[in-house]
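Please build the complete structure, drawing on both the sequences and the hints.
Take a look at the letters that make up each chain.
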Amino acid sequence: MSDTRVNGMVKDIFVEFFEVKESLVRPEATLFEDLGLDSMDMVDLAVELQTRFGFTFDRAADEEKIRAIRTVQNFCDYVEEKIKILNIKLPD
Amino acid sequence: MNRNRVVITGYGVVSPYGIGAEKMFDGLYANRSAVVNIREWLGPRAPAYHSLVAAPLQENPDPRDVPRTFRRNMGPLAVMAYRSCIDAIAHAAVSPGAVGSPGFGIVFSSTAGSVEALEESFRVYIEDTLRVLPNSGSFFKIMSHTCTANVAHALGLRGMAYSVSSACASSTQAIGIATDLLRRGAQEMILCGGSEELHPLVVLIFDLLQAASWKYNDRPTQTPRPFDAQRDGTVCGAGAGALLLETEASARRRNAPILGEIVGYATNIDPTSMAQSSQESIVACIRAALADAGVPPEEVDYVNAHATATVAGDAAEALAIEEVFRGRPVPVSSLKGHMGHALAAAGVLELVGSLEMMRRGRLVPSLNLETPCPEAAGLNHVPAAGLESRVRCFVKNSFAFGGINAVLAVKEYAE
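If you read the sequences in order, they're chains A and E.
In case it helps, the numbering used here puts the first sequence at residues 11 to 102.
In case it helps, the numbering used here puts the second sequence at residues 6 to 420.
Among the clues, some could well be false.
Label pairs and their in silico Cβ distance ranges [to be verified]: (1) A/LEU96 / E/ILE274: 50 to 58 Å; (2) A/GLU38 / E/ASP133: 51 to 59 Å; (3) E/GLN215 / A/LEU34: 54 to 62 Å; (4) E/LEU214 / A/ALA70: 17 to 25 Å; (5) E/TYR130 / A/ALA70: 17 to 25 Å; (6) E/TYR130 / A/PRO37: 34 to 42 Å; (7) A/ASN97 / E/ARG44: 43 to 51 Å; (8) E/GLY105 / A/SER33: 29 to 37 Å; (9) E/ASP67 / A/GLU32: 16 to 24 Å; (10) A/ARG77 / E/GLU27: 46 to 54 Å.
Within a straight-line C-alpha distance of at most 25 Å, the following computed DMTMM-like cross-link-like pairs (lysine to aspartate or glutamate) qualify [claimed, not checked]: (11) A/LYS31 / E/ASP67; (12) A/LYS99 / E/GLU132; (13) A/LYS94 / A/ASP13; (14) A/LYS21 / E/ASP70; (15) A/LYS75 / A/ASP54; (16) A/LYS21 / A/ASP87; (17) A/LYS94 / E/ASP133.
If you're looking for bench data, these hints aren't it; they were derived computationally from the structure.
Even glycine gets a Cβ: it sits at the ideal position worked out from N, Cα and C.
Laid out in structure tokens, this is it:
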């Protein structure tokens with residue numbers, strides 16, 4: 011994980027929204043097995059990205075990328091990539 | 006035709022008085038009104054309302070008591086339903102193994118899906134064109150079978166699951182349908198009841214239809230006034246109630262204490278008015294329930310009336326009760342004066358209240374009834390101080406917008 015602001019915001023989503031214990035949110039943790047999320051949670055994850063980061067989604071491109079996410083690190087990488095593509099300014 | 010006897014072995018209650026049946030019984034027996042002025046709650050919308058009274062929950066079930074993966078699909082409506090159901094299961098001391106068996110079903114009801122979730126979904130849809138719904142659980146909160154499905158998932162049920170939606174007759178019909186399923190042996194145990202969340206939109210609908218009380222906005226505890234000459238409409242309430250019904254054989258096999266027996270059920274529809282059931286249709290429904298029970302009118306010891314305190318509704322019900330029980334002054338009361346009208350949950354909450362009256366041998370009056378209206382002058386109203394009276398059999402009435410009537414007959418259990 012490179013951008014600490016992104017890492018912090020991602021951790022907040024897992025802890026606040028999905029009620030995952032903070033100590034479990036490690037880069038190598040898998041979303042389904044380790045954090046206990048399921049396919050419905052992936053829908054809510056996208057909604058949270060819209061709400062917290064202002065993301066918009068290109069269905070064709072994003073669905074495949076989201077489906078490929080396995081770990082917290084994968085997820086952070088995806089979020090960072092989207093932030094760059096969408097040119098989103100994060101609060102300092 | 007041989008049919009199973011159907012008994013009540015547990016109940017769970019979320020009423021305006023709080024969580025748990027004892028709080029409801031305390032409120033009822035103290036003749037304490039749960040009705041309050043809601044001007045502040047309505048906020049800037051208040052000027053649109055004539056009616057500024059309601060009976061909200063004084064204590065809400067904590068959604069955090071529900072595991073997250075179930076909670077995400079529940080609006081307040083389903084959370085209340087869940088709480089009433091787990092309390093009913095605990096009350097009946099049903100084992101977890103039995104709850105997850107194919108013979109354990111659910112028949113739950115609500116007027117609609119969660120109105121709060123519906124409002125939020127439409128707000129997001131209208132205000133934010135890039136989002137469709139607030140989250141993945143939105144539909145599961147809004148759908149009309151939200152209580153049945155959510156409770157069934159959270160409890161791991163595997164039997165029959167039905168959802169009933171008939172406004173103010175909902176939970177009475179749910180209990181009746183569950184009774185029919187148990188009688189024919191389709192299930193051994195069924196959770197049944199109803200849930201209703203209070204939302205400003207619901208109050209507004211009753212207001213628009215001129216069915217909501219508004220003359221007592223500054224004296225909220227004096228309304229609604231069932232059967233009273235000065236009544237001016239009903240007061241919307243909230244809550245959830247669940248019964249654990251089972252076949253007599255099932256209850257006896259596990260030595261469960263039996264709280265009462267559902268002996269009769271009937272339902273019909275009056276196609277002449279959407280807003281108001283006629284006296285004739287109510288008479289027909291009560292008579293059909295008594296016929297189903299094999300109980301003549303003279304063996305009924307108490308009638309728990311629907312009586313929401315609307316001008317036309319109370320008059321029709323009073324005349325119908327007098328017509329059915331002519332010649333015998335059966336004690337009558339309505340609990341709407343205490344708790345307001347919890348719509349889909351009203352039938353089951355009032356049935357639980359009536360069960361307690363049967364257990365204690367003491368009847369609760371219609372709160373705020375001072376001078377009966379002319380149509381109700383011939384009824385034997387439970388006196389304001391209450392009435393010591395042995396109850397072996399009572400009748401519970403419920404009538405709904407849409408013209409749906411539902412009546413249950415309940416007896417003290419005897420082998």
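Exercise. For this structure, which hints from the list above don't hold up?
Worked result: Violated hints: 2, 4; rest satisfied.
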